[in-house]
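Chains R and Z, in that order, are what the protein sequence lines are. Everything in the first sequence is counted per the numbering used here, starting at 1 for the first residue and increasing by one. Everything in the second sequence is counted per the numbering used here, starting at 1 for the first residue and increasing by one.
To be clear, the hints were calculated from the coordinates, so they are not data collected in a lab. Backbone N, C-alpha and C fix where the C-beta goes; we use that ideal spot for every residue, glycine too. Errors might be hidden in some of the hints.
[Said to hold, decoys possible] Listed next, the in silico DSS-like pairs over lysine-lysine satisfying Cα-Cα at most 27 Å (straight line):
#1 Z:K83 with Z:K119
#2 R:K410 with Z:K84
#3 Z:K84 with Z:K190
#4 R:K471 with Z:K190
#5 R:K8 with R:K125
#6 R:K410 with Z:K119
#7 Z:K119 with Z:K137
#8 Z:K119 with Z:K84
#9 Z:K83 with Z:K245
#10 Z:K28 with Z:K245
#11 Z:K28 with Z:K119
#12 Z:K83 with R:K410
[What the hints assert, rightly or not] Computed footprint of chain R on chain Z; a stretch qualifies when at least three of its residues, placed anywhere within it, have a C-beta under 8 Å from a C-beta of chain R:
#13 82–91
#14 107–114
#15 222–234
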Amino acid sequence: MSFRERWKIAGTIAQEIRFNGYLEANPSNLSRIKEKPERIISQIKRSSAINSILTGIIVLMVGITMVASLFFLEITGGKELHFAISISIFFGIGFVLIFFMNLISSTGFFNASAMILPSTLPFNKSELEGLMLLAFARIFIAPIALLVVIFPILITAIFGFLTGIFVFVALATTSILALGALIRVSGWFYSKSQSGTESVFSTIVRVGAGLGMMLGIIVSYGAVGFIPVIVDFIINFAAIAGSGIISILALIFPFSFGFVAAILTYGPVFPVATMMASIAASIAYFYLGFRIYVTSGRTLRSLALGGVSASTSSSISPIDLIISSRLRGLIRKDLRIATRSLGSIMLLIFPFLMIFAILPSLSLGIITGIRSMSVLLVVGYATVFGSFAMIGLLGLDTQGASVYEGLPLKTSTVLNGKIAIFSLSYLFSILIVFVILLINNLTSPYLLCIPLFQIPCAYSIGAAIGGTIYKVRGGGRATAVNLIGDQAMSFLALIVSSVVGLLPLLGYSLILLDTGNHLLSILTQLSISLGEMIVLRIALPHILRD
Amino acid sequence: MKVEGLGMNPIEIRDLVKTFGNIIAVNKLTFDVYEGEVYGLLGPNGAGKTTTLKVLMGLLDPDSGTANVFGINSTSNPIEVKKKVGYVPEEQLLYNSLTSREILEFVASVRDLDYYRAKNRVAEMARALDFTNQYDKPIITLSQGNKQKAMLLIAMLHAPDLLILDEPFSGLDVRTTRIMKDVIQIHTEKGGSVLFSTHIMEMAQGLCDRVGIIDEGVLIAEGTLDELRTQSESEEATLENVFLKLTGEDEDVRKGVDALRGALDK
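Extracted from the complex, chain R is given alone in its bound form (with noise of 0.2 Å):
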C-alpha cells in the first residue's frame, strides 16, 4: 500500500479520533448527536481549526518574543547564555503546547471504535502500527508542523543554516517526545476515567490530573508574555548556584538542546563540562525520541485494540453499598460523573481557572497598592464566567433521564445540590483572590472584604442560574440543558449571573464614586450580596415544581 492511501486511510480514522475525543470533552453531546449530527461534526471541523490556527499564533509570538530579546533585552550572564536560555524555553513551551492542547482530543483515541474497522482489514502487525501511529500524528499534523518549520526558518535567517538545522531536528524530537508522553498520559487518564473502582484518592487523583493539565494550558498561554522574565530568572539562579549548575542544567531536556544550539551559533563558549554534558544528553534526547517513534505504534495499538484496562482487579468485588442522605447522595453522583472526563473536570475548575486568567491585571498594583477598581474587575470576571461551571452542572443529567424521571426527587433538593458544587468551586477561587490580596499591598484594608462579601452569590448565582433554566426548559421541574448545544439558554444563564453576581459589586462601585467611603461601600456590597441570597432563597420554591 502506498504512502497516499495510508495517508488517505489514517485521515478518516484521524477524523473519528477527534470526533471521540470532542464527545468525550463535551458528555452533553452525547445525547445530542442523534439529533443533529451534522452541526456537531462542523462543530468538531471548527475546534480543529482553531487549535492549529492558535497554536501557529503561539508559535509565531513565542517565536519572535524569544528572538527579539536577544537582540533588544539587556540580561546579565552574556547572550550565549541568554541564547541557550531563550531556545530552550522554546522548546519547552513547543513540548507543553503539543501535550496540552491536544490532550483531551486524544482521549478519543482510546474510547474510540476507529481502530476496529482497519484492524479486521488485511493488514500486518507493523502495517497496522504504522497506520495507528499515522492516523495519532494526523491529528496534531497543522500544530506540529507549524511548530517544526516557523521557527527553524526564523533561526536560519538570522543566525545561519547550522543552527536552523540544529534546531529543525530538536523541534522534531521534542514534537515526537511530546506526542509520546501524549499517548501515555492520555490512556492513562482515559483508564482513571473509566474504572470501576471507585474511591476517594482515584478521584483526587483524576481531578488533580484534570486540574494539571488544564493549568498547564493556562501556564504555556501564560508564559509567552514572561519568556523574558523567566530567562533573566534562570541566568541570575545559574550565576548565583555557580557553573556546576550550568552543567545540570545541559543535562536536562530541554536545556540540553538549547545548549547545543548556542554552540553550534557561537562556538565553545561554556565550560568544558556543560558543552560535554549538553552534546550527550542531545544525543541520549535523539535515541530516545527515535525509541519512542518506533515503540509508539506498537503502544497505541495495544492501547486502542486490546482496550484500555477500565478495572485494577480481575476478581469480582462483593455486592455492596455505600448509602447517604439525598443531598450527600447527589452530590456524589455529580462529583462521579464531572471527574469522569476532561471535559466536565473542565467545567467544575472553570472559577478557578478563570482567576488564573485575570490575576496577572492585580501584578498591576502590586508595587503601589492595588486599588479597588483591580479587586473588583477580577472578582467580577471570576463571578461572571465562573457561572459556567453551573450551566455544566445543569448538564450532567443529560445522561442520567431514565435514572431521575423514576425517582422521588424534589426539584429543589436537585438544583441544591448543584448549587453546594458550584458553591466549593467559587468558594475556592474567590478564596484564592482573598489570600493573594491578603499577601499583598492594598490602596485600604477594607479591600479584602470584596472576595470575602462576595461569597453569598455562590448561592444566588447558582439560584438564579437553576431557577431560570428550569423554569424556561422545564416549566419548573428539574431539566438538563446544554452549554454548547442550547446557547440561547447558555447565554441567558451568563445574563442572568451577570445581573446577580454583579449587583454587590455596582454597589460598591456606586457608593465609593458617592462617597469615597470603603467601609460604607463593603457594608453596601455585603447588603445587597446576601439581600439577592434571602430573596432567592424566598422565590425558588414558588419558581420550582416537583
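Keeping the supplied structure of chain R fixed, place chain Z upon it in accordance with the hints.
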C-alpha cells in the same frame, strides 16, 4: 383483585386528556389496574402509551382528567407516587460513566433506604438476574440487555408495590426477555401490580391478565383476551389478530402484504 370505589386501586385513570400543540396524544382515557394484576397497554407506535405512563409518573401534566396511583394524584403529588412505583422508561438513558453500583448508591440514597435491606435486595436480584459480574462495570460497557437489567434493579430496589414498565421487551435477547417475564410474574405472585406498554402481542398474550388497546389516544377496547375476542367477533383469534381488527389495521396489513408479495415475485 378488583376493588370498587375511587382511590383504592393501584392505578386509576379518569378522562385523561393530553395534547401537544394540535396533536391529541391521549383523549378521554379511562382505565384501572387492580391489585395483583398485570395490565398491558397495547397500541401502535404513537398511540399515546408512553404519554399515558409519563402522566402517571407525574412527568407530564394532563390537560384534563386525573391519574391516581394508590389514590395519590400524580400531578399534584408526583414525589409520593414515585415512592410507591418502580418505573422503567422506554429509553435507556443511564449515566454512561458511572457503574451500576454507583447509580444504585445514588438511587438508594435518594430513596433513603435501609442499608442492610438495600444491600441484600441488590445482592439477591443481581444474582437472580445474572448481573453480579456486571455490577462494577461502567454503564457504557454494558450490552443493551445488561442495561435493561440495571434499569430493572434501579426500579425494584425499593421493593415497590407497583411496576410501570414502558416497552420493557424492546431489543432484548431471549434470555433477558425470559428474565423480564419471570420478574413480572414473581412480582404479581407476591401481590404487586404491573402496568406495562408493549407492541409485542405475544408478550401481552402470555403475561397480561387484562389488556387495554389504545389507538390515537383513545382506549378502543379493554378486557381479558376472551373478552376482546368477543368484542372483535373473532373467536379463537390470537391477540395480534384481535388487535389488528380492533385498530382497523387488518385490511391495511393485508394490502401491504399483497403488494410486498407482488414486489418480491418480480
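Exercise. Looking at the structure, which of the earlier hints fail to hold?
Worked result: 4, 9, 11, 15
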